[in-house]
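Modelling step: build the complete structure from the supplied sequences, incorporating the hints.
2 protein chains.
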Amino acid sequence: MTGTIHIVDDEEPIRDALSFLFDSRGLNARGWASGEEFLSAQPLADCACVILDVRMGDLGGPEVFERLRAMGNRVPVIFLTGHADVPVAVRTLKAGAFDFVEKPFNDNQIVDLALKAIAAHEAAEAMAAARRDLETRRASLSAREEEVLRLMLQGQLNKQIADSLGIAMRTVEVHRGRVLAKMAVRNAVELAAMLGGD
Amino acid sequence: MTGTIHIVDDEEPIRDALSFLFDSRGLNARGWASGEEFLSAQPLADCACVILDVRMGDLGGPEVFERLRAMGNRVPVIFLTGHADVPVAVRTLKAGAFDFVEKPFNDNQIVDLALKAIAAHEAAEAMAAARRDLETRRASLSAREEEVLRLMLQGQLNKQIADSLGIAMRTVEVHRGRVLAKMAVRNAVELAAMLGGD
DNA sequence: GGTATGATTGCGGAAACCCACAATAGCGGT
DNA sequence: ACCGCTATTGTGGGTTTCCGCAATCATACC
Chain F
20 MTGTIHIVDD EEPIRDALSF LFDSRGLNAR GWASGEEFLS AQPLADCACV
70 ILDVRMGDLG GPEVFERLRA MGNRVPVIFL TGHADVPVAV RTLKAGAFDF
120 VEKPFNDNQI VDLALKAIAA HEAAEAMAAA RRDLETRRAS LSAREEEVLR
170 LMLQGQLNKQ IADSLGIAMR TVEVHRGRVL AKMAVRNAVE LAAMLGGD
Chain L
20 MTGTIHIVDD EEPIRDALSF LFDSRGLNAR GWASGEEFLS AQPLADCACV
70 ILDVRMGDLG GPEVFERLRA MGNRVPVIFL TGHADVPVAV RTLKAGAFDF
120 VEKPFNDNQI VDLALKAIAA HEAAEAMAAA RRDLETRRAS LSAREEEVLR
170 LMLQGQLNKQ IADSLGIAMR TVEVHRGRVL AKMAVRNAVE LAAMLGGD
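As you go down the protein sequences, you meet chains F and L in turn.
Residue numbers are given in my numbering: position 46 of the first sequence equals residue 65, and the series is strictly consecutive.
Residue numbers are given in my numbering: position 28 of the second sequence equals residue 47, and the series is strictly consecutive.
Hint data in this document are derived by calculation from the structure and do not stem from the laboratory.
Pairs of lysine-lysine residues, derived as DSS-like cross-links and limited to a Cα-Cα distance of at most 25 angstroms, are as follows:
no. : chain 1 : residue 1 : chain 2 : residue 2
1   : F       : K178      : F       : K201
2   : F       : K122      : F       : K135
3   : F       : K122      : L       : K113
4   : L       : K122      : F       : K113
5   : F       : K135      : L       : K113
6   : L       : K113      : F       : K113
7   : F       : K122      : L       : K122
8   : L       : K178      : L       : K201
9   : L       : K135      : F       : K113
10  : F       : K113      : F       : K135
11  : L       : K135      : L       : K122
12  : L       : K135      : L       : K113
Non-contacting residues of chain F with respect to chain L, defined by C-beta distances greater than 10 angstroms in every case (computed):
no. : residue
13  : S43
14  : R49
15  : L63
16  : R86
17  : H140
18  : R151
19  : R157
20  : A158
21  : S159
Which bits of chain L does chain F cover? Going by a derived footprint, with three or more residues having C-beta under 8 angstroms, they are:
no. : region
22  : 99-113
23  : 118-129
24  : 163-174
25  : 194-208
26  : 211-217
For every residue, glycine included, the Cβ atom is placed at its ideal position computed from N, Cα and C.
Here it is, written out as C-alpha cells:
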C-alpha cells in the first residue's frame, strides 16, 4: 500500500489515538489539527485515505471534502462525527464519501474501513488510469479521424462511412488506419471492446 | 410516468398527508400501514417508487428494503425517519437507497425527490433491459460459440482463434457467423461495442 | 433404429479490410 | 517562398471476413 492516511480533527486526543492505532497496524498515518492546515499542506499527492471530523473550527469536514473534490482529488474520505447529523451524512455520502461513522468508533472497524477504502480507491484508480490513457490517445486524433472513429464504433463499413462523410473509401481507410495506430490497437474490434458504446 | 408511489408508514396522518400531496401533483400514490401489508400485496409490479418509514411495528423500513432487494426488486426507495439515526442512514444509503430524509419533511422536497428517483430508475431500467436482452441472447449460445465469442472480443483473428481452439478456420467462421446471428448484430465491431470488455 | 442438435471440415467466391507507394491540395507558421 | 500537418484520392495486392453448398461424426432423445 502506498500513501498516507490523513487524519483531520481538531481534538488532539482523537488524532493521537487514530495515529497510534494506524501506526500499530503498520499503516502510515499523519494528523492535522484543522482543515486549513491539511489543505494548505500541498501537495497532497501521497493521500491514500482521509479521515475527516465533521465539526471543526472554521472549516468543517464537508467543506474540506468539497474542496478536495473541487481540486480534482478523488481520495476516499471517511467522516467521523460526534453528533447525530443525518442530513450531513446523507449529503456527504451522496457526494461520494466512502463512509460516515459516529463516535465513539470501534478501532477494528475504522482500520477495516480505511483499508477497504484504500483498496477500492486503488482499484478505481487502475481503471481510471486506463481510461485516461485512452482519452489521451483519443484526444490526439484529428477532427476527421474522430468522426471516422465514431462511425466505426457504430459498426459501419468503410463504404458506408465514406458515404456518410461524402469522401472516397480510400480516404476512410487511411483515417481508419491512423485511428487504429494512434489508439494502439490492432483492429476495430479491440477498439470497440475498450471504448464500448461511448 | 408509469406505476404507483407506495407509502409505507404506520402513522396514518403521515400516509394521508403524503397520499394527498402526491395526488395533488397528479401522481398515483397509495399508502400501507405496515411493511408486511405492503410486501404481501403481490405483485408489486407497478412500483414506481417506495417511501419507507424507518421505524414501524414489526418490520422496519430497512428490513422491508432488504426484502425488496432480496426478491430482485430494484425500485428506488426513499427513507423517512423521525429519529436522528446516522448508522441506519449510512447503511441504507450504502445498500442503494435513493435518499434518506428526516421528518418533518418539506413537501416540495419530497415530491422533487420522488420524481428524481423515478426518473433515475427509469433511465437505469432502460439500460438494464438492454443488458438483459444481451444476456438472454448470449445465454442461447452453445459452449463452443461462447468460447469463440470471448476470443473474438479480444480482437483475435479467425486464424488465431482456430489455433487457440485447435480447430479449422472454417469451423471458427461458422461459429462466428452463428454468434453474430444469435446476438443480432451485423459485425464483430457492433458486438464488441455492446459487450465491451466483459 | 430414427431424429435432432451441434461440432467439424472443405471448396469456392464475393465483399471488406489493411497497407505500401505515390500524388495533389489547403492551411498556418517561419 | 518554404515547411509541416492534414485531408484527400488512386493503384495494386495481400489478408480477412462472411457465407452458400455439401458432407461427416457424435451425442442425446424418442
